[in-house]
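**Student:** Protein sequences, first through last, are from chains A and B.
Counting along the first sequence from 1, when you hit position 164 you're at 164 in the working numbering, and nothing is skipped either side.
Counting along the second sequence from 1, when you hit position 164 you're at 164 in the working numbering, and nothing is skipped either side.
If you are wondering where the hints come from, they were derived from the structure by calculation, not from laboratory data.
We put the CB at the ideal spot given by N, CA and C, even for glycine.
Heads up, a few of these hints could be off.
[As the list claims (entries may be wrong)] Which bits of chain B does chain A cover? Going by a derived footprint, with three or more residues having C-beta under 8 Å, they are:
#	stretch
1	56 to 63
2	71 to 83
3	93 to 99
4	223 to 231
The chain contents come next:
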Amino acid sequence: MMYLKSAYEIRDKYLRKDMLPTIFCPGCGIGSVLQFTLRAIDDLGLSQDEIVWVSGIGCSSRVPGFVNFDGLHTTHGRALAFATGIKLTNPDLRIIAFMGDGDSAAIGGNHLIHAIRRNLDVTVILINNFTYGMTGGQVAPTALKGLRGTTAPYGQFENPFDIAQLAVSAGANYVARWTVYNYIQGINSIKKALQKEGFSLVEFLSPCPVSFGRRNRMKTAPELIRWYQKITVPLAKAKKMKPEELEGKIVIGEFVDRDRPGLVKEYREYIKRAKKMMGWEQ
Amino acid sequence: MKYPFPVGKSDFIQGDEAIARAAILAGCRFYAGYPITPASEIFEAMALYMPLVDGVSIQMEDEIGSIAAIIGASWAGTKAMTATSGPGFSLMQENLGYAVMTETPIVVVNMMRGGPSTGQPTFPAQGDMMQAIWGTHGDHMLIVLSPSTVQETFELTIRAFNLAEKYRTPVVILGDAELAHMRERVYIPNPDEIEVVYRKLPANEEEAKLPFGDPHGDGVPPMPIFGKGYRTYVTGLTHDESGHPRTVEPEVHQKLIGRIFRKILGHKDEIISYETFELDDAEIAIVTTGIVSRSAIRAVKMLRERGVKAGLLKLNTIWPFDFGMIEELAERVRKIYVPEMNMGQLYHLVREGANGKAEVELISKIGGEVHTPMEIVKRVVG
Numbered sequence: 001m002m003y004l005k006s007a008y009e010i011r012d013k014y015l016r017k018d019m020l021p022t023i024f025c026p027g028c029g030i031g032s033v034l035q036f037t038l039r040a041i042d043d044l045g046l047s048q049d050e051i052v053w054v055s056g057i058g059c060s061s062r063v064p065g066f067v068n069f070d071g072l073h074t075t076h077g078r079a080l081a082f083a084t085g086i087k088l089t090n091p092d093l094r095i096i097a098f099m100g101d102g103d104s105a106a107i108g109g110n111h112l113i114h115a116i117r118r119n120l121d122v123t124v125i126l127i128n129n130f131t132y133g134m135t136g137g138q139v140a141p142t143a144l145k146g147l148r149g150t151t152a153p154y155g156q157f158e159n160p161f162d163i164a165q166l167a168v169s170a171g172a173n174y175v176a177r178w179t180v181y182n183y184i185q186g187i188n189s190i191k192k193a194l195q196k197e198g199f200s201l202v203e204f205l206s207p208c209p210v211s212f213g214r215r216n217r218m219k220t221a222p223e224l225i226r227w228y229q230k231i232t233v234p235l236a237k238a239k240k241m242k243p244e245e246l247e248g249k250i251v252i253g254e255f256v257d258r259d260r261p262g263l264v265k266e267y268r269e270y271i272k273r274a275k276k277m278m279g280w281e282q
Numbered sequence: 001m002k003y004p005f006p007v008g009k010s011d012f013i014q015g016d017e018a019i020a021r022a023a024i025l026a027g028c029r030f031y032a033g034y035p036i037t038p039a040s041e042i043f044e045a046m047a048l049y050m051p052l053v054d055g056v057s058i059q060m061e062d063e064i065g066s067i068a069a070i071i072g073a074s075w076a077g078t079k080a081m082t083a084t085s086g087p088g089f090s091l092m093q094e095n096l097g098y099a100v101m102t103e104t105p106i107v108v109v110n111m112m113r114g115g116p117s118t119g120q121p122t123f124p125a126q127g128d129m130m131q132a133i134w135g136t137h138g139d140h141m142l143i144v145l146s147p148s149t150v151q152e153t154f155e156l157t158i159r160a161f162n163l164a165e166k167y168r169t170p171v172v173i174l175g176d177a178e179l180a181h182m183r184e185r186v187y188i189p190n191p192d193e194i195e196v197v198y199r200k201l202p203a204n205e206e207e208a209k210l211p212f213g214d215p216h217g218d219g220v221p222p223m224p225i226f227g228k229g230y231r232t233y234v235t236g237l238t239h240d241e242s243g244h245p246r247t248v249e250p251e252v253h254q255k256l257i258g259r260i261f262r263k264i265l266g267h268k269d270e271i272i273s274y275e276t277f278e279l280d281d282a283e284i285a286i287v288t289t290g291i292v293s294r295s296a297i298r299a300v301k302m303l304r305e306r307g308v309k310a311g312l313l314k315l316n317t318i319w320p321f322d323f324g325m326i327e328e329l330a331e332r333v334r335k336i337y338v339p340e341m342n343m344g345q346l347y348h349l350v351r352e353g354a355n356g357k358a359e360v361e362l363i364s365k366i367g368g369e370v371h372t373p374m375e376i377v378k379r380v381v382g
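Bound conformation, chain A alone (with noise of 0.2 Å):
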C-alpha cells in the first residue's frame, strides 16, 4: 500500500489554517506522525466529525489545536482520564489521544496502565523522543541508560520503560512500535489501530534534535534516525536473539493484535444486567 497524495492535500484538508504553523523544531518528528495518522484518517475515510483529539501537556500535546476536529488539551499526562469520561458519554465518537513519552509514561503512567486495563475504546499516537522537549531536554522514563538530559547530564542512570510491552502486559488490543521512518508500517498500524474495539496504542521513535539530540551528539534529525537503524530490531529478528544482545536495543514491529471486548461493549452489557438484577428489564 503506498500514501501517495500530496502532503499539502492532507494538510488543506485537515489542519486549522490559522493556526499555522506547528511549534515544532526543525528536525522534529512531529510533524510526521500527524501526517501518518492523518493519512491513515483519511484513507479510511472517517469523518472529521466523528473524532475527538484528547491530549496532555508537552509538545506532541499540541498537535489537537493544529487539527481541525474537536480537540480537548488538558492537563499533563491526564488525557486518558478525560478520555474516559468523553467516549462513555457519547460512544458514537472516536478518540485519539496524541501522547508524549514523558506525558504518557511518567506524569500520566497511572492513567495509562488504567486505561488500557478497561480496553478504554481510545487510539493513543505515542510520540516517544526519550525527552522533555517542551521544557528543554530533562530525561524521560523511556530514555535508555547512559543517554543524556538536561537532568541527567552525566547519563540516564535508571531503567527505561518500555512503553510498548507495557501496554501489552496491561491488555491492550492493538500495539505496534516504529520509528518516523517506517512510515508505511506506521500508517498501516495506525489504520488498523483506529478501527479497533478497545485500547490500541501505536508509539513512534520520533527525533528530537534540538532538546535530546543536540545533548547526545546527534544534532541532527538524519543522525538521530541513523540511530534509530542502529538501536532497532524488527520483532523477527528479536524473537531469535538472546536478552543479553537485546540489551540497549529497542524491538520494533507489532506486538499484539487481539479482539478483546472493549469498555463502552462491557458498559453497555452493565447496564443490561444492573436492569435485569433490579427486576427493571427482562
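Here the structure of chain A is known, so what remains is to put chain B in place on it, guided by the hints.
**Tutor:** For chain B alone, coordinates are given in the frame of chain A:
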C-alpha cells in the same frame, strides 16, 4: 421516566445519599469517583442508580482521574459530578483550575473531614473552605455552596448543577463528615417540581466559532459540545475567543480572566444565597456556614432567652462572598461572632467584610466535634 428511588415523598436518608439522588434529579448522568471516607456513600449510591437511568458511574484510578473524566463527560454534553474528601480534593485542584479556565460545567463535592493530610477521616471539619475558594493556582473564580442539613444538601446539589450549567463554571459543594453520614427526613420532589437548567448551546455557526467569547453580553459563552460538527478546540492555555492559544499577549489573558470573573461576580446577587434568623433587631450577630449553623440557631434562641439580642446570618454560598452585606451588618451590630470548625477561615472573610465597623471574633473548634450551642453562648455572654 422511572427513578430508582421514590419521588414525590419524604425519605429518611444520609446526606451522601441525598446528594446522589439530587444529582440524578438534576440531570447528572456521569459520575466518576474514587473511594474515600466520608464521601464513598455518594459513589455507592451513584453506582447503584446510574446504570438504571442509563447513566455512567465509573471508579477511576485516583481523584485526578475522576475530575478529569467528568470534565471530559461535560464536554461530551452531559452533566457530570465527582465527590471526595480532603485528600482527594487536594488532588483535584489542578483540574479544578482546568475546569475554570475551559469554562466547563461540573459539580465537585467535598465532604470535609479533619485535616491536614489523612487527619480524622470519620470526623467533620470545615478546614477546606479557603482551599475550595483558592486551592487551584492562578487567578480564578468559581462557586462554592455550603449546606447545613440533609434537606439543604439535597436542594443545594440541584442548585449546584443549575449554577454550573447557567454560568459554565465548576461548582464546589462543601459538606462535612457529619452531614455525609447523618440521616434526616428529606423531601424528594417529583421531577416536575424541580427547575433544571441546561447549558446554553450555540444558536448558530457564528456563536459556535466563539466558544470563549461573549455573544450575549452576560459573560457566559454558549458551549459547543463535542460531536456536533463544531470542531471546538479546548485548551487550558490562555486562549482567545475562538479557543486558540495566545499565551504571550497580556491583553488576551486579561480579557479572558476578566470575563471569567465578571460572569460570576456580575451575577453574584443571583448566585449568593443566605438565611437570617432573628437578625433584624440584633446587636450581636453570629455568622456561620454549614453544620455549625445548627448549633448557632439554638445558641441564638438561648441568648434571646437570656435577654441578649442575638441573631444569625447563615451563608449557603461562601463564594462569591458578599463583603458589602457583611459591612452593612457590621454597621448595625455591636459585635460579630464566627463559630467554625477550623482555626479561622470564614472569620477572615467576615473580618474583611466588616471593614472595622464592628469587632469580629472567631469561635474556633477543631478535633471533629461540632460546637455545642452552649459553647457559642458562653463565648458571647463571657
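**Student:** Indicate, hint by hint, whether the structure satisfies it.
**Tutor:** Here is how each hint holds up against the structure:
no.: 1; hint: 56 to 63; in the structure: holds (count 5)
no.: 2; hint: 71 to 83; in the structure: holds (count 9)
no.: 3; hint: 93 to 99; in the structure: holds (count 3)
no.: 4; hint: 223 to 231; in the structure: holds (count 6)
Going through the hint list in order, the structure satisfies each hint without exception.
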